[in-house]
Amino acid sequence: MTITSDHSMLLSAQIQRDVDAPLYTQIQRDIEISIATNRLRPGDLLPGEVELANRYGVSRVTVRQALRELVTEGLLYRIQGKGTFVSQPMIQRTEPNITSFFYEMLESGRKPTAKVSSEVRSPDPETQRLLKLGPDELVIVIQRLRYVNGEPIVYQVNTTRESLCPGLTSEDLSVQSFQYTLEIKYNLRLVEVEEHLTSLKPGEELAQILEIPPTVPVLVDTRMLHGVGGVIIGMSRAYFRGDRYTYKVVRGLSSSEK
Numbered sequence: 027m028t029i030t031s032d033h034s035m036l037l038s039a040q041i042q043r044d045v046d047a048p049l050y051t052q053i054q055r056d057i058e059i060s061i062a063t064n065r066l067r068p069g070d071l072l073p074g075e076v077e078l079a080n081r082y083g084v085s086r087v088t089v090r091q092a093l094r095e096l097v098t099e100g101l102l103y104r105i106q107g108k109g110t111f112v113s114q115p116m117i118q119r120t121e122p123n124i125t126s127f128f129y130e131m132l133e134s135g136r137k138p139t140a141k142v143s144s145e146v147r148s149p150d151p152e153t154q155r156l157l158k159l160g161p162d163e164l165v166i167v168i169q170r171l172r173y174v175n176g177e178p179i180v181y182q183v184n185t186t187r188e189s190l191c192p193g194l195t196s197e198d199l200s201v202q203s204f205q206y207t208l209e210i211k212y213n214l215r216l217v218e219v220e221e222h223l224t225s226l227k228p229g230e231e232l233a234q235i236l237e238i239p240p241t242v243p244v245l246v247d248t249r250m251l252h253g254v255g256g257v258i259i260g261m262s263r264a265y266f267r268g269d270r271y272t273y274k275v276v277r278g279l280s281s282s283e284k
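For any residue, its number in my numbering is found by taking its place in the sequence shown, counting from 1, and adding 26.
Simulated from the structure, these hints should not be mistaken for lab results.
Remember, predicted model here, so these are calculated numbers, not experimental data.
It is possible that some hints are incorrect.
[To be verified] When the alpha-carbon atoms are kept at most 27 Å apart in a straight line, the in silico BS3-like pairs for lysine-lysine are as follows:
# : residue 1 : residue 2
1 : Lys-108   : Lys-211
2 : Lys-141   : Lys-211
3 : Lys-137   : Lys-211
4 : Lys-211   : Lys-158
5 : Lys-227   : Lys-141
Can you make the complete structure from the sequences, with help from the hints?
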């Protein structure tokens, strides 16, 4: 965390009072530009509200509104009693596919690593219900904690029928995606992936795993993998840090929407 002592070169501190744009949005834009051009870097401490108000010639209320918008955007974050800091760049992925998280991060210039564990066990009642398992069927559970540049970003729990994937626990699962492994390694044809996105506040255990305060929301991506004949091949549940991750969906417009 960098505490910047000289703020004179970081912000232009110029606003125009003869335009329609609200003053707080002009301040917001000025700070956004400073971040985009690396005049303000991740971890930098911003000047306090009083200093910013004096520099821009506005009230503290106006400054506070600008900072609030930037916190909502994820560009800034606050630490009680310490101040307002520039956030690390958000990690963004574009809509679901079978591309490995590992390779996506490599392509974006980041360094991905993972801690992986796997085991064969009896399913819990929820898993038995969701996968529609028989009373004696076993499952393989794979747990992966994925890091980007040394920082934990996503905790993944993948579950599949043991009968469909013999030897899966011996595979190197730190690189390839769960879905890719099922389709390519085990020739399991997926005909549908049902996906649900929700958010939640992490419990103590999940917060410790992701190394976040319990107040930071978590994005939960649950996918049910459907095979031929209605067989549910597996289930994937990923817990993404809400302060470091965004999810982007791009879709084409139907003829009625154009």
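Checked hints:
no. : hint              : verdict
1   : Lys-108 - Lys-211 : violated (51 Å)
2   : Lys-141 - Lys-211 : holds (21 Å)
3   : Lys-137 - Lys-211 : holds (25 Å)
4   : Lys-211 - Lys-158 : holds (23 Å)
5   : Lys-227 - Lys-141 : holds (23 Å)
The structure does not agree with numbered hint 1 stated previously, though it agrees with all others.
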